[in-house]
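Visitor: Each chain, written out:
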Amino acid sequence: GENVEQHPSTLSVQEGDSAVIKCTYSDSASNYFPWYKQELGKGPQLIIDIRSNVGEKKDQRIAVTLNKTAKHFSLHITETQPEDSAVYFCAASPWSQGNLIFGKGTKLSVKP
Amino acid sequence: DVKVTQSSRYLVKRTGEKVFLECVQDMDHENMFWYRQDPGLGLRLIYFSYDVKMKEKGDIPEGYSVSREKKERFSLILESASTNQTSMYLCASSGAGGHKYFGPGTRLTVT
Chain A
1 GENVEQHPST LSVQEGDSAV IKCTYSDSAS NYFPWYKQEL GKGPQLIIDI
51 RSNVGEKKDQ RIAVTLNKTA KHFSLHITET QPEDSAVYFC AASPWSQGNL
101 IFGKGTKLSV KP
Chain B
113 DVKVTQSSRY LVKRTGEKVF LECVQDMDHE NMFWYRQDPG LGLRLIYFSY
163 DVKMKEKGDI PEGYSVSREK KERFSLILES ASTNQTSMYL CASSGAGGHK
213 YFGPGTRLTV T
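Protein chains in written order, with the working numbering: chain A, 1 to 112; chain B, 113 to 223.
One or more of the hints may lead you astray.
[As the list claims (entries may be wrong)] Simulated crosslink set (DSS-like; lysine-lysine; CA at most 30 Å straight-line):
(1) B:K183 - A:K42
(2) A:K111 - A:K68
(3) A:K58 - A:K37
(4) B:K125 - A:K42
(5) B:K125 - B:K167
(6) B:K125 - A:K57
(7) B:K167 - A:K37
[Unchecked claim] Pulled from the structure, derived: some chain B residues nowhere near chain A, Cβ distances all over 12 Å:
(8) Q118
(9) Q149
(10) L202
(11) Y213
[Unchecked claim] Among chain B residues calculated to face chain A with C-beta under 8 Å, some are:
(12) F132
(13) G152
(14) G154
(15) V164
(16) M166
(17) G210
(18) H211
(19) G215
It is worth saying that the hints were derived from the structure and are not from the lab.
What you are looking at is a predicted structure, and each value in this text was computed from that prediction instead of being measured.
Quick reminder that beta carbons are idealized off the backbone N, C-alpha and C, glycines included.
All chains, full assembly: derive it from the sequences and hints.
Guide: Written out as structure tokens, the structure reads:
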């Protein structure tokens, strides 16, 4: 079955710097890769997703890149702000409606 | 605004008790999921359902069962709660587009 590895487990950056979180997956059949943000006391919320027919997707300060050959995808947050502090999860699935296999999460801290 | 609600935010139960966790979504989604979240382990799928009265086992179904009698409601049942089921339980739903919406979670403590 699918296995998703996520690194780093914790990340601390200064406000305004960029943050990068990386994930690798094992199942070449996976073609849907969402990223979730979980704030304290809340459920995860989808922030961006990418499908395998696209190499990069951007939404304001957030971007995701996908390298299907190497089986890895990354989340890039530019101009970080304190409200970006949260736990971020990557996930992979062979189809968007099916079960997601999650990475173990990255706790991002943005210091003002 | 889309919404997934869970019956309790915090729950404390005794070992051996039968526990019901309820999840309701208002988006007319076909698909509903139950995950548990533990530190260092991420989110793991317990059960999911693609339709009313339909259920499929996820990665860690042991000790749990589910019920989906109506499209909007998906219940997770702990037949006989044990201390190793102390965890955060998250419900999610998704429609045709695949975007999963999560509820706020229920933090269950079994003593």
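Visitor: Let me make sure I understand: some of the numbered hints might not hold for this structure. Which ones are they, in numerical order?
Guide: Violated hints (numbers, rising): 2, 6, 8, 9, 10, 11, 12, 15, 16; every other hint is consistent with the structure.
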